[in-house]
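Enquirer: What follows is each chain in one-letter form.
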Amino acid sequence: MFLQQLINGLTLGAVYALLALGYTMVYGILELINFAHGEIYMIGAYLAVILTALLSARGLTQVSLFFSLALVLLICMLYCGAYGITLERLAYRPLRSAHRLSPLISAIGMSIFLQNFVMLTQGSSDRVFPQLFPRKTLRIGSAGLSLLQLVILSLSLVLMILLHLFIRKTRLGRAMRATAQDRVMASLCGIPIDGIIAATFFIGSALAAAAGFMVAIYYGLVNFSIGYVAGIKAFTAAVLGGIGNIPGAMMGGLLLGLIESLGSAYISSEYKDGFAFLILILVLIVRPNGLFGEKTADRA
Amino acid sequence: MCERPQLTRSGLLCKLQKIILMGIFVRWTYLPWPLIGFLLVTGCNHRAGEIRIGVAGPMTGDQSKLGQDLQRGVEVAVEEWNQKGGVLGRRILLEIGDDQHDPKQAVLVANKFVDSSMVGVIGHFNSSASIPASSVYHEGHIPMITPASTNPQLTEQGYENVFRLCGKDDQQGKIAAEFVVNRLKAVRVAILHDKTTYGQGLGDLFRKNLEELGRGSFKVVYQGGITQGDKDFRGVLTSIAEARPDLIYFGGIYPEGGLIIRQAKELGLSAPMMSGDGVIDPKFLEIAGPAAQGTYLTFGPDPKAVPQGRRFVEKYRTRFGAEWAPYAIYAYDSANLLITAIEKAGTTDGKKVAEALHRVKYDGALGRIEFDSRGDIKKSPYVVWIAGTGEFKEYWAPPE
Numbered sequence: 008m009f010l011q012q013l014i015n016g017l018t019l020g021a022v023y024a025l026l027a028l029g030y031t032m033v034y035g036i037l038e039l040i041n042f043a044h045g046e047i048y049m050i051g052a053y054l055a056v057i058l059t060a061l062l063s064a065r066g067l068t069q070v071s072l073f074f075s076l077a078l079v080l081l082i083c084m085l086y087c088g089a090y091g092i093t094l095e096r097l098a099y100r101p102l103r104s105a106h107r108l109s110p111l112i113s114a115i116g117m118s119i120f121l122q123n124f125v126m127l128t129q130g131s132s133d134r135v136f137p138q139l140f141p142r143k144t145l146r147i148g149s150a151g152l153s154l155l156q157l158v159i160l161s162l163s164l165v166l167m168i169l170l171h172l173f174i175r176k177t178r179l180g181r182a183m184r185a186t187a188q189d190r191v192m193a194s195l196c197g198i199p200i201d202g203i204i205a206a207t208f209f210i211g212s213a214l215a216a217a218a219g220f221m222v223a224i225y226y227g228l229v230n231f232s233i234g235y236v237a238g239i240k241a242f243t244a245a246v247l248g249g250i251g252n253i254p255g256a257m258m259g260g261l262l263l264g265l266i267e268s269l270g271s272a273y274i275s276s277e278y279k280d281g282f283a284f285l286i287l288i289l290v291l292i293v294r295p296n297g298l299f300g301e302k303t304a305d306r307a
Numbered sequence: 064m065c066e067r068p069q070l071t072r073s074g075l076l077c078k079l080q081k082i083i084l085m086g087i088f089v090r091w092t093y094l095p096w097p098l099i100g101f102l103l104v105t106g107c108n109h110r111a112g113e114i115r116i117g118v119a120g121p122m123t124g125d126q127s128k129l130g131q132d133l134q135r136g137v138e139v140a141v142e143e144w145n146q147k148g149g150v151l152g153r154r155i156l157l158e159i160g161d162d163q164h165d166p167k168q169a170v171l172v173a174n175k176f177v178d179s180s181m182v183g184v185i186g187h188f189n190s191s192a193s194i195p196a197s198s199v200y201h202e203g204h205i206p207m208i209t210p211a212s213t214n215p216q217l218t219e220q221g222y223e224n225v226f227r228l229c230g231k232d233d234q235q236g237k238i239a240a241e242f243v244v245n246r247l248k249a250v251r252v253a254i255l256h257d258k259t260t261y262g263q264g265l266g267d268l269f270r271k272n273l274e275e276l277g278r279g280s281f282k283v284v285y286q287g288g289i290t291q292g293d294k295d296f297r298g299v300l301t302s303i304a305e306a307r308p309d310l311i312y313f314g315g316i317y318p319e320g321g322l323i324i325r326q327a328k329e330l331g332l333s334a335p336m337m338s339g340d341g342v343i344d345p346k347f348l349e350i351a352g353p354a355a356q357g358t359y360l361t362f363g364p365d366p367k368a369v370p371q372g373r374r375f376v377e378k379y380r381t382r383f384g385a386e387w388a389p390y391a392i393y394a395y396d397s398a399n400l401l402i403t404a405i406e407k408a409g410t411t412d413g414k415k416v417a418e419a420l421h422r423v424k425y426d427g428a429l430g431r432i433e434f435d436s437r438g439d440i441k442k443s444p445y446v447v448w449i450a451g452t453g454e455f456k457e458y459w460a461p462p463e
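Taken in order, these protein sequences are the chains called G and E.
Just so we're aligned, residue 8 is where the first sequence starts under the numbering used here, counting upward by one.
Just so we're aligned, residue 64 is where the second sequence starts under the numbering used here, counting upward by one.
Just so you know, these hints were derived from the structure itself, not from any lab.
Predicted model only: the values in this text are computed from it and were never measured.
Keep in mind that the hints are not guaranteed to be accurate.
Restraint-style ranges between C-beta atoms, simulated for each label pair [what the hints assert, rightly or not]:
#1 G:278 to E:444: 35 to 45 Å
#2 G:239 to E:179: 31 to 41 Å
#3 G:66 to E:456: 25 to 35 Å
#4 G:137 to E:457: 22 to 32 Å
#5 G:278 to E:271: 50 to 60 Å
#6 G:171 to E:279: 57 to 67 Å
#7 E:454 to G:239: 55 to 65 Å
#8 E:462 to G:130: 37 to 47 Å
#9 E:441 to G:61: 46 to 56 Å
#10 G:254 to E:275: 27 to 37 Å
#11 G:130 to E:147: 25 to 35 Å
#12 E:356 to G:289: 37 to 47 Å
#13 G:85 to E:178: 27 to 37 Å
Covered stretches of chain E, going by a simulated chain G footprint (3 or more residues, C-beta under 8 Å) [as the list claims (entries may be wrong)]:
#14 204-211
#15 290-297
A virtual CB, placed ideally from N, CA and C, is assigned to each residue, including glycine.
All chains should be built: construct the whole structure from the sequences, respecting the hints.
Expert: Here it is in structure tokens:
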């Protein structure tokens, strides 16, 4: 059973990790917690359901499931990336020189707005993802790894590796790291801050869309309120790993998924949601900056 | 007006004077108009001629289909009556309250209905909403008929204005246990519930009856709860799989029920699932897909066996273009009962209508209906249904 719970937990954790990355990247650059991030994830999930239903009606999914789903994923990521950029432009950029709380309130407002927007336009009942995946399970000992779980785990891994390489090896990635370190200095060095911030939001939102896409397939059900809970948990994961720290967000997400899964199995299924927050409190007491966070020097 | 420096005491008083004068000026010119407009609008609602009935349920959110089914059932009844001239010579008007299956919202809706002097309320849907709301209706002397709340506590409060058309969970639990012990003979049972008044109540009552009937040879190998709104149950299902159950009993509603059976099958759990009336909805079949086949559940007898029930199903199909929804029929009969009672009482006074409801004998789409002194229906059999491909079918009835 332990192996099965491990698999379940890692799969769940992979989704949390992708979401947590969006939170952590935005915080690193703007010191803002983007509460509307969960809603971008929800929009990605809805779009995945809508597009797949569309393609399925045209018969394209029968032709090639892989390519049609890959197309859906690509469109979701681009669409939500655009959503992220627009969000930043509308709700956060005008408040960049305001009091620190203002963008936070703006974020909460955008979150409520987007939730209700989707509820009014898409209806308030659950939408079901067409069941297209073959039900194949690979048996490892007494545990089973379903095809879906394998796809989610490998896709998340690929995306996380790509992000890591991007941040470490490319010029744009280096510019992002510089902007996160010291925004004023980076702009003095000629880095276009507005563009970098927009790019950060784009990447974070695209990852959230990928998470939403995977969740739509994995659970087969989307609803306008899924962004709220997932957003809180992903934010917890980001803080757990050290907010602002990218490998931290990945580890935090995976850890959170594992804790939830193992906790609900071995301790109590009724308090499943509580374990993650309990661990968060304990970790923060011992390591206030999160597991991977470093103490940043106070600005002069 | 006053040219004193601001930060002295007299300076501040001066500023205060300015503010008060501005305020008075503003109030005089601007306040009356919105007030008049507001009164006109709200005044228009209280047309003396109409009888207003409230419908309360989860109109938005993940259980919105249930609320919508409730509303539609009542609408069909009200339209029939209005076509015949209404009741007591007055038209019937419906007002909808959305409680989102949240107890706090339910109380808000109840207060709103009491304040706008509804003659009666059909609702709520979920026991966790109906029970707090019933106290508010009791204080406001408004009769309330719930088509779907099955928790026994609702009618144990001693409120003379509370009625229910469906059965109770102790009956449901008993029939389910009889089925499991006598027919299924599933010796190892895992029980899951959704921690709500209904779900946990049903799970506990099922367990109690199973242990009484099973006399030691039937074992509950797992009991646990899940959270409503959650989507991932693999953790708890993996634990259940460890216990090798012959049956999984779930007390809860279709959004979670559908996901649970689907994920159970994905994890390779072959035990069938049994649940209560919360999952008899086509949405359950949609969410679970092929995994739903072979799921048992308890519900009232098939309304299509009664001619009036068949007529309702036809009318529902033509009016809404959708297959009959299980609780729409209960809502339909509830509305008919309420309006019949209003007619028999000859008045819209809540207390008299409630008294009339206690005395009424009505032949509806569900057969003959009478209430007992506590507000429960006198005859309330539950039978076991099974989920087939794309529909539910009656499967087993307890021997008389």
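Enquirer: With reference to the structure, classify each hint as holding or not holding.
Expert: Structure-based check of all given hints:
| no. | hint | result |
| --- | --- | --- |
| 1 | G:278 to E:444: 35 to 45 Å | holds, 38 Å |
| 2 | G:239 to E:179: 31 to 41 Å | holds, 37 Å |
| 3 | G:66 to E:456: 25 to 35 Å | holds, 32 Å |
| 4 | G:137 to E:457: 22 to 32 Å | holds, 30 Å |
| 5 | G:278 to E:271: 50 to 60 Å | violated, 24 Å |
| 6 | G:171 to E:279: 57 to 67 Å | holds, 59 Å |
| 7 | E:454 to G:239: 55 to 65 Å | violated, 39 Å |
| 8 | E:462 to G:130: 37 to 47 Å | holds, 44 Å |
| 9 | E:441 to G:61: 46 to 56 Å | holds, 52 Å |
| 10 | G:254 to E:275: 27 to 37 Å | violated, 56 Å |
| 11 | G:130 to E:147: 25 to 35 Å | holds, 34 Å |
| 12 | E:356 to G:289: 37 to 47 Å | holds, 45 Å |
| 13 | G:85 to E:178: 27 to 37 Å | violated, 50 Å |
| 14 | 204-211 | violated (count 0) |
| 15 | 290-297 | holds (count 6) |
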